[in-house]
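Protein chains in written order, with my numbering: chain A, -6 to 137; chain B, 18 to 260.
What the hints contain is simulated information worked out from the structure, not anything from laboratory work.
Idealized CB from N, CA, C, for every residue including glycine.
Among the clues, some could well be false.
Only part of the chain A face toward chain B is listed, based on derived beta-carbon distances under 10 Å [claimed, not checked]:
1. Leu55
2. Ile61
3. Val64
4. Arg84
5. Ser102
Which residues of chain A face chain B? A partial, calculated answer using Cβ under 7 Å [claimed, not checked]:
6. Leu29
7. Gly56
8. Val65
9. Ala98
What follows is the residue order along each chain.
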Amino acid sequence: MVRAVPAMPAGMSGIALPDMSESGPPDPLARLGERLDKARARRNGKPMPEPDNADLQRGAGLGFRIGIEFVVAIVIATGLGWALDRWLGTRPWGTIVLFFLGVGAGMLSVYRAVAGIRMPVGSRPLDKIDSGRKPKDDWDDDEA
Amino acid sequence: MALEIQPLEQFTIERLIPLHIGRLDVSYTNSALFMTIAVVLITALMLLGTRRAALVPGRWQSVAEMMYEFVADMVDTNAGHGARDFFPFVFTLFLFILFSNLLGLIPYSFTVTSHIIVTFALAAIVFIGVTIVGIVRHGWHFLRLFVPEGVPIVLLFLLVPIELLSYFIRPFTLSIRLFANMLAGHTMLAIFGGFAAGVGLLAFFPLAINIALVGLELLVAVLQAYVFAILTCLYLRDALHLH
Chain A
-6 MVRAVPAMPA GMSGIALPDM SESGPPDPLA RLGERLDKAR ARRNGKPMPE
44 PDNADLQRGA GLGFRIGIEF VVAIVIATGL GWALDRWLGT RPWGTIVLFF
94 LGVGAGMLSV YRAVAGIRMP VGSRPLDKID SGRKPKDDWD DDEA
Chain B
18 MALEIQPLEQ FTIERLIPLH IGRLDVSYTN SALFMTIAVV LITALMLLGT
68 RRAALVPGRW QSVAEMMYEF VADMVDTNAG HGARDFFPFV FTLFLFILFS
118 NLLGLIPYSF TVTSHIIVTF ALAAIVFIGV TIVGIVRHGW HFLRLFVPEG
168 VPIVLLFLLV PIELLSYFIR PFTLSIRLFA NMLAGHTMLA IFGGFAAGVG
218 LLAFFPLAIN IALVGLELLV AVLQAYVFAI LTCLYLRDAL HLH
């Protein structure tokens, strides 16, 4: 009766509508004014602002990204392998090899989306690119 | 009683003004119509917002300025310095997707971004553009993007293909994300709308769900435009700042 109900709301809303489960995190537009002020203050003087990592990670933007990243990587890679097999007559090796490469690429994308936009494709840490600014500085950037 | 729900009917492309060039079908469709509406609305908003520019902005001006500041900040923080050149591109892209998404939520309208060919074309423009920018700025050096640093040579045989793959998958993830979200959302709206139409007095329940869904879809519409634009910025950043 009533007993069963309390367990539901928190988790269920996410599970019931898998495609829409990204609705949880707050809208990034909500803190627009605050961020604009921050940006105005920041623009003076700093030649190269860091990517707004905190914003992305907390915002729903990230949630939207990683969901599809993994699946699409595998599907596209496997499809490519299958097409290569048809073209070169190497069935089934292209499909197999590219499937695993796709899994790798998918994991890499998800890892990068979660662990840091700070890493460009070449997985070079960003502090090397940004002429010596330590990455630690901007982890606490928004608390300051 | 049979429920007649055709949730996918709303995505049908209709030729409003049939046009053919040779064997090429370039008809003006409902999709093109809503693209035109989006572009006209954006242009109107920006013209209206900047026509009488005042120090203390009026309503339209503050909307236009807010959009501008929002995207400018996004480009600055995510694409790094030197990316201001690409601000007009990102701004256009963001506004077009945002308006297409929002226009699609109006009943009886058509959602341009629910067609993968549209989102893929947008993503392909981003992908090709970013690649060209990278090659122009860095020449052959651009290929270093695919070679991770400080990795044993043996592993490179595995990692370079993975990097290449994850680079070339970008236009697909970018387009499928937007397209799938719009398609799924609008299909769901249509399904619950169809329930509401079919069950008589019980219609309250699907209707209530639909109201909640419209709110969710509003969020998704704005958020997807934001995600598309921010990923464009991040890709630009890769191309501009590789060393």
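Each hint, compared with the structure:
Given hint, Leu55(A) at the interface with chain B, holds; its Cβ is 9 Å from that chain's nearest Cβ, closer than 10 Å. For Ile61(A), the shortest C-beta to C-beta distance to chain B is roughly 5 Å, which falls under 10 Å, so the interface hint holds. At a threshold of 10 Å, the smallest CB-CB gap from Val64(A) to chain B is about 9 Å, leaving the interface hint in force. Annotation: interface hint on Arg84(A) violated; nearest CB of chain B at approximately 19 Å, more than 10 Å.
A distance limit of 10 Å between C-beta atoms decides the matter here; for Ser102(A) the minimum to chain B is near 5 Å, and the interface restraint holds. For the restraint placing Leu29(A) at the interface with chain B, the shortest Cβ-Cβ distance is roughly 5 Å, inside the 7 Å limit, so the hint holds. Proximity of Gly56(A) to chain B is violated relative to the hint, the smallest CB-CB distance being about 9 Å (cut-off 7 Å). Look at Val65(A): its Cβ gets to within about 5 Å of chain B, closer than 7 Å, so that hint holds up.
Given hint, Ala98(A) at the interface with chain B, holds; its Cβ is 4 Å from that chain's nearest Cβ, closer than 7 Å.
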